[in-house]
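Novice: We have chain A; now place chain B onto it with these hints.
Number of protein chains: 2
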Amino acid sequence: MSAKNLTLLTDFYELTMMQGYFEKENTEVVIFDMFFRVNPDNAGYSVMAGLEQVIDYIKNLNFTYEDIDYFRKLGIFSNDFLDYLSGFHFSGSIYAIPEGTPIFPKEPLLKVIAPIMEAQLVETAILNILNHQCLIATKTSRVVFAAQGDGIMEFGLRRAQGPDAGLYGARAAMIGGCVGTSNVLAGELFDVPVLGTHAHSWIMSFPDEYTAFKAYADLYPNACTLLVDTYDSLHSGIPNAIRVFREMKEAGIELKNYGIRLDSGDLAYLSKKARKMLDEAGFPDAKIAASNDLDEYLIHDLKMQGAAINSWGVGTHLITSKNCPAFGGVYKLAAIQDENGTFVPKIKISENTEKITNPGNKTIYRVYDKETGKMRADLICFADETFDENETLVLFDPIDTWKHTKLKSGTYTLRELLVPVFIDGKCVYESPSVMEIASYCKEQKETLWDETKRLFYPHKVHVDLSRKLYDVKSQLLKDMSMKEEELESKGEE
Amino acid sequence: MSAKNLTLLTDFYELTMMQGYFEKENTEVVIFDMFFRVNPDNAGYSVMAGLEQVIDYIKNLNFTYEDIDYFRKLGIFSNDFLDYLSGFHFSGSIYAIPEGTPIFPKEPLLKVIAPIMEAQLVETAILNILNHQCLIATKTSRVVFAAQGDGIMEFGLRRAQGPDAGLYGARAAMIGGCVGTSNVLAGELFDVPVLGTHAHSWIMSFPDEYTAFKAYADLYPNACTLLVDTYDSLHSGIPNAIRVFREMKEAGIELKNYGIRLDSGDLAYLSKKARKMLDEAGFPDAKIAASNDLDEYLIHDLKMQGAAINSWGVGTHLITSKNCPAFGGVYKLAAIQDENGTFVPKIKISENTEKITNPGNKTIYRVYDKETGKMRADLICFADETFDENETLVLFDPIDTWKHTKLKSGTYTLRELLVPVFIDGKCVYESPSVMEIASYCKEQKETLWDETKRLFYPHKVHVDLSRKLYDVKSQLLKDMSMKEEELESKGEE
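Read top to bottom, the protein sequences are chains A and B. Note that the UniProt record's numbering has the first sequence beginning at 1, numbered continuously upward. Note that the UniProt record's numbering has the second sequence beginning at 1, numbered continuously upward.
Next up, chain A with everything else stripped away, as it sits in the complex (with noise of 0.2 angstroms):
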């Protein structure tokens, strides 16, 4: 899989772009911010993924013989452009939040420094990448803590988008808290738990549901969760499996890692009547999985009523992130390195406030109050702001800027987000194993209050401009608007 080349994973629209950038014989160094704006389906925060895969991608950077021929084909591009791709490699820098961080609108999620030929190409698979993996994981950390404490097994690859989004949706899922994937290539390639026992064929192969059962438990005495919906749960299937279990337990197998899975009917409903069958059965300790078109808010819901479910497989819902598919992230220009070597700000303006972009070469710093070790803020500065924690930071909101909060000097502690990933074309940073990643995420997730991890209508937490990118920005945004009013009396002529 690592050897897949995805160079060429790129929109038209860059290489031409790039064309443009080499007759110019522009060099410049130029800075670009991947963030995105608005949490997918209203979530109080959103999960970072997909870092590892965007190393793979610029390590491979490499167009071969096929793709220069192909480009000639083209009949565009000239020839000392497609020698420049044939020497192509990434010689810029990257600085990236590392996976399973807690994340918010705004800031930068990862920040490219290159010559602009080469920040220009790496746009799309960068976004393609981040996008995909970041909406996964955040969908699942919204299904686990619907879950509260119950495993939530990741099922989906069937309906994934293609073979990738079953993969890496996978791996994300795991970022995000879950306690395994059936996906078995994800299990391969991530050292991660793979999990799933039969389907209903498995029952139809049989002449009945009981020798089904019986032969599934023969062979899986350890891992024994029996589909009970073939036929009719309450009827069939949770008679069967009692009967299995206790012809188990008659031949003297130790029950553990044992129960049913329930993929149709109410769930609520089914589970409890399920639970109080084997309950009486002399079966408390059964599991109860459910499946079946599941989101967070089913499962919130049937937590709410009472269903006696221990363990969810979560399929469409969460492989697709369905009802917001899309995780929105862009990819902005934010500074131009000037003959002196410093990053002139550089703002996108836009009718809509929320779409203006944050100009400059930045960094984040994330505000834990020390008592708690909750988070309190986001804080976005330029790369060389420095912040003393034994001084009051005072921190105010970008938008309605009469908000303040001071923070006194001891009462907080800073931690910068971004960190070196690539210096000067060279990889600095290895990453974690996926499961690391998900316990790192499940220790971050701790520092946000349960507000703002509610499904519905959570607290936002807050993302502040440092007083001196607040300025530059106004400032921007005045030289902006006085061109504007030029342009307006131009057109009036």
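Just so you know, these hints were derived from the structure itself, not from any lab. Among the hints, erroneous ones may be present.
In this list, chains with the same sequence are indistinguishable; a pair is considered to hold if it fits within one copy or across any two.
Said to hold, decoys possible - Subject to a maximum C-alpha distance of 30 angstroms in a straight line, what follows is the list of computed DSS-like cross-link-like pairs (lysine-lysine):
{"no.": "1", "residue 1": "355", "residue 2": "322"}
{"no.": "2", "residue 1": "303", "residue 2": "256"}
{"no.": "3", "residue 1": "276", "residue 2": "249"}
{"no.": "4", "residue 1": "483", "residue 2": "442"}
{"no.": "5", "residue 1": "287", "residue 2": "483"}
{"no.": "6", "residue 1": "445", "residue 2": "322"}
{"no.": "7", "residue 1": "303", "residue 2": "442"}
{"no.": "8", "residue 1": "322", "residue 2": "303"}
{"no.": "9", "residue 1": "24", "residue 2": "249"}
{"no.": "10", "residue 1": "406", "residue 2": "473"}
{"no.": "11", "residue 1": "287", "residue 2": "24"}
Specialist: Below, chain B alone, put in the same frame as chain A:
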């Protein structure tokens, strides 16, 4: 890309079931049908896509040493079973509906006839691949229909759910009717047109918009679409574009394939204003392209409001099928071969009538009206049934059985939809090129009435069962219901 081994792209339970069949020495040949139950987003039809990738997957099925090692480490598979896996290849037969064909709920899109272990293994990847590409080809067909003949450009790569979703999504989008894609890798691999011009960052990297436009026009005089909304479309972008077009004309450049792209603001209002400005400046043939969160509904409405747009770039909504991001295809056991080589029909019941499967070894005939060439219905029947176009054909609704239609001899033609793809493990089907499939798809959509293609509450196409299939299904349901009564009377004991 083709080297990518997807053998492990399967659900874990396929393997635990396989081992079960292996231990039980179950070598029965079975039939599984892949079908779907509902058209995405209440559409009137769907579009078949993804078969070529299914073929690649089946051809390359092969467990590597690493895979077997990985399984060994999991500690639940026997050495005998792992030996079997290490020599695994697919020996069965597959029939499928060719890509680009309009398809309807309930009919088998793909039928696997194979020993149960093999048929079970391939379930997940077949569903993953077909669910994804059918979804995007279907969505694209709707978008293309809404655009009433204008070109739709696929621009979604950056928002796709991972690299494959972008790549194969672009493939499916071309099948569904896009005129081109921004995805360069798709262009190279599938030999389809790639499209695109420049981004806002191009404009921002120049001292001013005019200079940026001028530079672009110098480079690409024959494909000069200028993005006009970086600063202010009406007061800056369009006037600067007109200035550049004028200078090109004055320089003696023959203007063809040129125009502007709008990427924000109200596209109906702005496009009409832009049209007027371009016309008045003497550029009535300048094209107006639009992008920005478009889908079939918005395009439909913009058309209704007289938007002067000739070309549409559709991204997120198309590549994720945003308002319905999963296709919902399933893979169900339909028959098991007995000792005599006869396929014994199997049925999967459900409380929901719509979810009951069609049993047996089946095929599908598409019924066309001989005079108009339009499609009348699809007829699902047993694979060994024959129909004579010189006899009256009676179609009846399998749910509301009193609804009959008699087609007189000579007034209809029949075409079998399922074609052989693999016979006894050997591939017997050669996939057409993507552009050939796209052209076949366009042709086939002509056989549907516009009433079926309508975005809102489309006319439902009939998918009927042959009398013989209907009778067998009814009998199986009766048998099941008798069994259920037995169970219930037991439950009352």
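Novice: So, for every hint listed, does it hold in this structure?
Specialist: Verification of the supplied hints:
| no. | hint | verdict |
| --- | --- | --- |
| 1 | 355 - 322 | both (25 angstroms within a copy, 21 angstroms between copies) |
| 2 | 303 - 256 | within (24 angstroms within a copy, 63 angstroms between copies) |
| 3 | 276 - 249 | within (19 angstroms within a copy, 83 angstroms between copies) |
| 4 | 483 - 442 | neither (48 angstroms within a copy, 49 angstroms between copies) |
| 5 | 287 - 483 | between (67 angstroms within a copy, 28 angstroms between copies) |
| 6 | 445 - 322 | both (23 angstroms within a copy, 28 angstroms between copies) |
| 7 | 303 - 442 | within (21 angstroms within a copy, 48 angstroms between copies) |
| 8 | 322 - 303 | both (21 angstroms within a copy, 28 angstroms between copies) |
| 9 | 24 - 249 | between (79 angstroms within a copy, 23 angstroms between copies) |
| 10 | 406 - 473 | within (22 angstroms within a copy, 73 angstroms between copies) |
| 11 | 287 - 24 | between (67 angstroms within a copy, 27 angstroms between copies) |
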